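Enquirer: Protein chains in written order, with our numbering: chain A, 1 to 118; chain B, 1 to 118.
Calculated from the structure, these hints are not laboratory results.
Please note: incorrect hints may appear among the correct ones.
Claimed, not checked - One-sided excerpt, in silico: chain A residues whose CB lies under 7 Å from chain B:
#	residue
1	Ala3
2	Trp7
3	Ile16
4	Gln18
5	Asp74
6	Ala77
7	Gly102
Computed from a predicted structure; not experimentally measured.
A virtual CB, placed ideally from N, CA and C, is assigned to each residue, including glycine.
Protein chains: 2
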Amino acid sequence: MTANPAWDDRGLVPVITQDVSTGEVLMLAWANADALEQSMATGQATYWSRSRQEIWVKGATSGNTQKLRRIKLDCDADALLYQVEQTGAACHTGARSCFDAGGVLAQWGGAQDDEEKP
Amino acid sequence: MTANPAWDDRGLVPVITQDVSTGEVLMLAWANADALEQSMATGQATYWSRSRQEIWVKGATSGNTQKLRRIKLDCDADALLYQVEQTGAACHTGARSCFDAGGVLAQWGGAQDDEEKP
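If we strip away everything but chain A, and leave its shape as in the complex, we get:
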């Protein structure tokens, strides 16, 4: 690995996962060094599950895998962006995106003001 993330005091960084073809933000999860290394080695989006305290290959049980197309680091190296080809739903609720499952807290303007991107 050429650039190293600035791992937090738990050895983690947040990971934003985005659909590479639509731009939709699918989920936010976490990676430790092992999860990032495994992602880079396999091309399959891999995370650290904070609840289960274990490496989590997305879709390993559900089949809703994420084929990596690109991993980017942000300017201060404390966040990752996984751009993926998503199979099926990203969210455990069955929603395409986890942000379709939690609700809209606030909205300004109507949907007609959107260019109807994600």
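Let chain A serve as the given structure and place chain B on it in line with the hints.
Expert: Quick look at chain B alone, frame taken from chain A:
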């Protein structure tokens, strides 16, 4: 506020900020309850600066403001998505997105395989 984020042990949640018209992921930052409340009241993307330990109205000094269009919560309520109209650069480096400033850690396939979305 109808739904409440599940604040972490520091009273924060990560916030993904996305350009509402292009879908581009611009940055990852953090919010506490005050930052979220102020965002909802003003329609201007507001964060908690962990380095400065203060409320941070995006663009207050740079002029590169973010007009909020939508705030979404994820399925387990521990991440926020701000969809914004970005003025100028989102990144302090001058890059449009913070994820253009940190480097590509890995890539699979060529750019020609992209549908050239964000």
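Enquirer: Hint check: is the beta carbon of A:Ala3 less than 7 Å from a beta carbon of chain B?
Expert: The hint holds - A:Ala3 has a Cβ within 7 Å of chain B, the shortest such distance being about 5 Å.
Enquirer: Should the hint that A:Ala77 touches chain B count as held when the rule is a Cβ pair under 7 Å?
Expert: This interface hint holds because 6 Å falls under the 7 Å limit.
Enquirer: Hey, does the A:Asp74 contact hint survive, CB to chain B under 7 Å?
Expert: Hint holds; A:Asp74 Cβ to chain B Cβ min 4 Å, cut 7 Å.
Enquirer: Does the CB of A:Gln18 sit less than 7 Å away from some CB of chain B?
Expert: With Cβ-Cβ at 6 Å, under 7 Å, it holds.
Enquirer: A:Gly102 was flagged as interface toward chain B. Is the shortest Cβ-Cβ separation under 7 Å?
Expert: Since the shortest Cβ distance to chain B is 4 Å, the answer is holds.
Enquirer: Does A:Trp7 pass the interface hint, meaning its C-beta sits closer than 7 Å to a C-beta of chain B?
Expert: violated, 14 Å
Enquirer: At a threshold of 7 Å, is the proposed contact between A:Ile16 and chain B supported by beta-carbon distances?
Expert: holds, 5 Å
Of the hints listed earlier, the one the structure fails to meet is number 2.
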